[in-house]
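So you can see what is in the structure, the chains are spelled out below.
2 protein chains.
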Amino acid sequence: MSEKLTREELAAALEEMGERARIASRFLATASTALKNKCLLAMADALEKEKEVIQEANAKDIEAGEASGLSGAMLDRLRLTDARLKSTAEGLRVAAGLEDPVGRIISSTLRPNGLKIDKVSVPIGVIGIIYESRPNVTVDATGLCVKAGNAVILRGGSEAIHSNVALAHCLDRAAISAGMPEGAAQLLPWTDREAVSILLKMDEYVDLIIPRGGEGLIRAVVEQSTIPVIKHYKGVCHVYVDADADEDMALRIAENAKCQRPGVCNAIETLLIHESIAPSFAPKVAERLEKRGVELRGNDRFRELVPSALPASEEDWSEEYLDLVLSVAVVPSLEVAVDHINRYGSGHSDAIVTANPEAAENFLAAVDSSTVYVNASTRFTDGAEFGMGAEIGISTDKLHARGPMALPELTTYKYVVRGDGQIRE
Amino acid sequence: MSEKLTREELAAALEEMGERARIASRFLATASTALKNKCLLAMADALEKEKEVIQEANAKDIEAGEASGLSGAMLDRLRLTDARLKSTAEGLRVAAGLEDPVGRIISSTLRPNGLKIDKVSVPIGVIGIIYESRPNVTVDATGLCVKAGNAVILRGGSEAIHSNVALAHCLDRAAISAGMPEGAAQLLPWTDREAVSILLKMDEYVDLIIPRGGEGLIRAVVEQSTIPVIKHYKGVCHVYVDADADEDMALRIAENAKCQRPGVCNAIETLLIHESIAPSFAPKVAERLEKRGVELRGNDRFRELVPSALPASEEDWSEEYLDLVLSVAVVPSLEVAVDHINRYGSGHSDAIVTANPEAAENFLAAVDSSTVYVNASTRFTDGAEFGMGAEIGISTDKLHARGPMALPELTTYKYVVRGDGQIRE
Numbered sequence: 001m002s003e004k005l006t007r008e009e010l011a012a013a014l015e016e017m018g019e020r021a022r023i024a025s026r027f028l029a030t031a032s033t034a035l036k037n038k039c040l041l042a043m044a045d046a047l048e049k050e051k052e053v054i055q056e057a058n059a060k061d062i063e064a065g066e067a068s069g070l071s072g073a074m075l076d077r078l079r080l081t082d083a084r085l086k087s088t089a090e091g092l093r094v095a096a097g098l099e100d101p102v103g104r105i106i107s108s109t110l111r112p113n114g115l116k117i118d119k120v121s122v123p124i125g126v127i128g129i130i131y132e133s134r135p136n137v138t139v140d141a142t143g144l145c146v147k148a149g150n151a152v153i154l155r156g157g158s159e160a161i162h163s164n165v166a167l168a169h170c171l172d173r174a175a176i177s178a179g180m181p182e183g184a185a186q187l188l189p190w191t192d193r194e195a196v197s198i199l200l201k202m203d204e205y206v207d208l209i210i211p212r213g214g215e216g217l218i219r220a221v222v223e224q225s226t227i228p229v230i231k232h233y234k235g236v237c238h239v240y241v242d243a244d245a246d247e248d249m250a251l252r253i254a255e256n257a258k259c260q261r262p263g264v265c266n267a268i269e270t271l272l273i274h275e276s277i278a279p280s281f282a283p284k285v286a287e288r289l290e291k292r293g294v295e296l297r298g299n300d301r302f303r304e305l306v307p308s309a310l311p312a313s314e315e316d317w318s319e320e321y322l323d324l325v326l327s328v329a330v331v332p333s334l335e336v337a338v339d340h341i342n343r344y345g346s347g348h349s350d351a352i353v354t355a356n357p358e359a360a361e362n363f364l365a366a367v368d369s370s371t372v373y374v375n376a377s378t379r380f381t382d383g384a385e386f387g388m389g390a391e392i393g394i395s396t397d398k399l400h401a402r403g404p405m406a407l408p409e410l411t412t413y414k415y416v417v418r419g420d421g422q423i424r425e
Numbered sequence: 001m002s003e004k005l006t007r008e009e010l011a012a013a014l015e016e017m018g019e020r021a022r023i024a025s026r027f028l029a030t031a032s033t034a035l036k037n038k039c040l041l042a043m044a045d046a047l048e049k050e051k052e053v054i055q056e057a058n059a060k061d062i063e064a065g066e067a068s069g070l071s072g073a074m075l076d077r078l079r080l081t082d083a084r085l086k087s088t089a090e091g092l093r094v095a096a097g098l099e100d101p102v103g104r105i106i107s108s109t110l111r112p113n114g115l116k117i118d119k120v121s122v123p124i125g126v127i128g129i130i131y132e133s134r135p136n137v138t139v140d141a142t143g144l145c146v147k148a149g150n151a152v153i154l155r156g157g158s159e160a161i162h163s164n165v166a167l168a169h170c171l172d173r174a175a176i177s178a179g180m181p182e183g184a185a186q187l188l189p190w191t192d193r194e195a196v197s198i199l200l201k202m203d204e205y206v207d208l209i210i211p212r213g214g215e216g217l218i219r220a221v222v223e224q225s226t227i228p229v230i231k232h233y234k235g236v237c238h239v240y241v242d243a244d245a246d247e248d249m250a251l252r253i254a255e256n257a258k259c260q261r262p263g264v265c266n267a268i269e270t271l272l273i274h275e276s277i278a279p280s281f282a283p284k285v286a287e288r289l290e291k292r293g294v295e296l297r298g299n300d301r302f303r304e305l306v307p308s309a310l311p312a313s314e315e316d317w318s319e320e321y322l323d324l325v326l327s328v329a330v331v332p333s334l335e336v337a338v339d340h341i342n343r344y345g346s347g348h349s350d351a352i353v354t355a356n357p358e359a360a361e362n363f364l365a366a367v368d369s370s371t372v373y374v375n376a377s378t379r380f381t382d383g384a385e386f387g388m389g390a391e392i393g394i395s396t397d398k399l400h401a402r403g404p405m406a407l408p409e410l411t412t413y414k415y416v417v418r419g420d421g422q423i424r425e
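Chains as they are written, first to last, in my numbering: chain A, 1 to 425; chain B, 1 to 425.
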């Protein structure tokens, strides 16, 4: 896209971007809700008005992708159809309508010496988003970051570079026309690794990195970054069918959690069945899932009950299939099920189906995942389903944000202390 | 302290510690408040009962420190006197009396489909503490981590290795006697860098690293770690005396913030004075501070008013003196003061002195620091002064914990979702 720069030139250019983002973030931090919303609405309008320019750029990416042999699924994710551009613009309008997460008083204390201490939500500052293929992330991430008062530095994948440049250019001009300073949303025009490796050390300018993409991308970011990273690793989710489960409910939940949309992170990859219910339940669930085209890979005890299942290997238990494949184990106890989930799972979403309240509470307390369910499908782990409005992702991290991550998680806080001359004795 | 291991042996030994910590953390996560408190009280009693053994070990460190030429101040920090051991044990008893931060319902939602979603505080898991010289950190950090339901892996400095081993051994046996599993609090017996560099990559076992020490230590940790780090960088704090300040109040606050305890992170290093009040205020504050033995280093405009001040260099503005030295600048406006603080400060604690509410609110909103004050000394940034009970440090980070970090910041949360068979349509 741009000429090849030396590492020094690249570092200087990135530092300039960092400096611009930092300055813009100071402005955004105290920007009114009205101004931020005006900016999001201007961005939405601009996307629709400049549809043709954006789609022309997108066509270049599609052409290059076809030439380089991208899969049909990848090409589909890349494509900015009319409908996708419209729903992306709509997403910005939805974000404009959400409550401003900045300026909430989280807690308030009056100390005996008269100091009033408010803990107040404030923007994080400058957020770096590193993502792959889908160009709509350029818009979605910018919208949420700006709504939460943050400047954003975007670095998309090389497959989408023409689309991303066109989108970012459009967003940037719209933001400026709405009264924002330059640098509120900047896209790196370089897609080589060197630019990312420089960016990940710019802790003086960037406060948080959110990588969106496959495990390989996220791991590479974590290895290099001196900036805090919030990780959205894979979803190896489980349903555990307890001894005291309602079998019909368990069938419905297992089927929904696996089949309703198998390619997403909150779909299950493993089903665990208590041995006392297995003789009755295992053949039923196998029939139900096989009818939906699911390939079953079981442990020995499951395969004794369901001979059509393939044998599961050790690797199967930590595999994120994202497909109509399910590993299944018959387990001797709730404790073994919990240990299995804590060992092989990814800390994303896990459910127990049981009519036994004690078993339910044990499971909810002992499973170390962002979201734990009793008697519901794991598919509900989602910002919208949780009533949060738009989400920027689902964190499998434990620090700062865990589970669905929406506008409040794009803020931090400060302590605001008001006195009338207090000094410390 | 222990034999030299090969890197492979060291990695294997550390992995075993990690595995033990992970298992202990599962137990701790669901341990009752009563059991955790019993454990802290048993630790406190054991410290007092085993005082002599601990002090013998401490004497070895002191001897080695004297032989290797540690400064008097360093030796003093190392020494476990009767009074220090007593107050360290007392700290554990205080922690036992604090509210359990685990199990709080942070928020609760009932969704239209009948799902009940609780956001509940839970322990983080396994916390690694990397620290220098003061051996009492071994006890303080363990107490707070265990109270919040976390297992802890400690890595102290080589100067305190005998003391730390004796303390950790004492704490570990007390914990086990109180009913905790092995591995709740483990100390690395190796003080070489290799052990730390392995530990910092153990993201499978360790959820959070808290480094306590100088900037060099913290930066080295951040460079290497693939585990999230909460940083406690330096405190370059400011008092800004606005045009509309009450001069007497400003004198008291400046003196207190600089002199009451100059060696701590919430003492100020820079004083900023609005030009319109400077002709009257600058000579007064200089006289007051010089009487207390403070060396002043000023910009040109300050030195015109206070000729006794030395000239400040560019480096002075970001220097953490931790001593009776103060850089002082006369500035033309509130905006310039805010820019100065955001540029040279460390995001710790900064105050404005003013009788003008609008100036106060502008300052509070625009200064990007963990704690911002109007008309009070920066010396109040402290867990106890904030009414939080014991603190594990003061974070200059923005993610997860900012400012004084106490028990609630040693927890994360999970979403607990209760249904009656809900599936996603």
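None of these hints come from the bench; they were simulated from the model. Ideal Cβ positions, reconstructed from N, Cα and C, are used throughout, including at glycine. Among these hints, one or two may not hold up.
Footprint (simulated), chain B over chain A, 3 or more residues, beta carbon under 8 Å [unchecked claim]:
#, stretch
1, 30 to 39
2, 68 to 77
3, 110 to 118
4, 267 to 279
5, 372 to 382
To see whether the hints hold, each was checked on the structure:
1. 30 to 39: violated (count 1)
2. 68 to 77: Coverage by chain B is violated here, the residue count being 0 at a Cβ distance below 8 Å.
3. 110 to 118: As far as the stretch 110 to 118 of chain A goes, the hint holds, because 3 residues have Cβ atoms under 8 Å from chain B.
4. 267 to 279: violated (count 0)
5. 372 to 382: holds (count 9)
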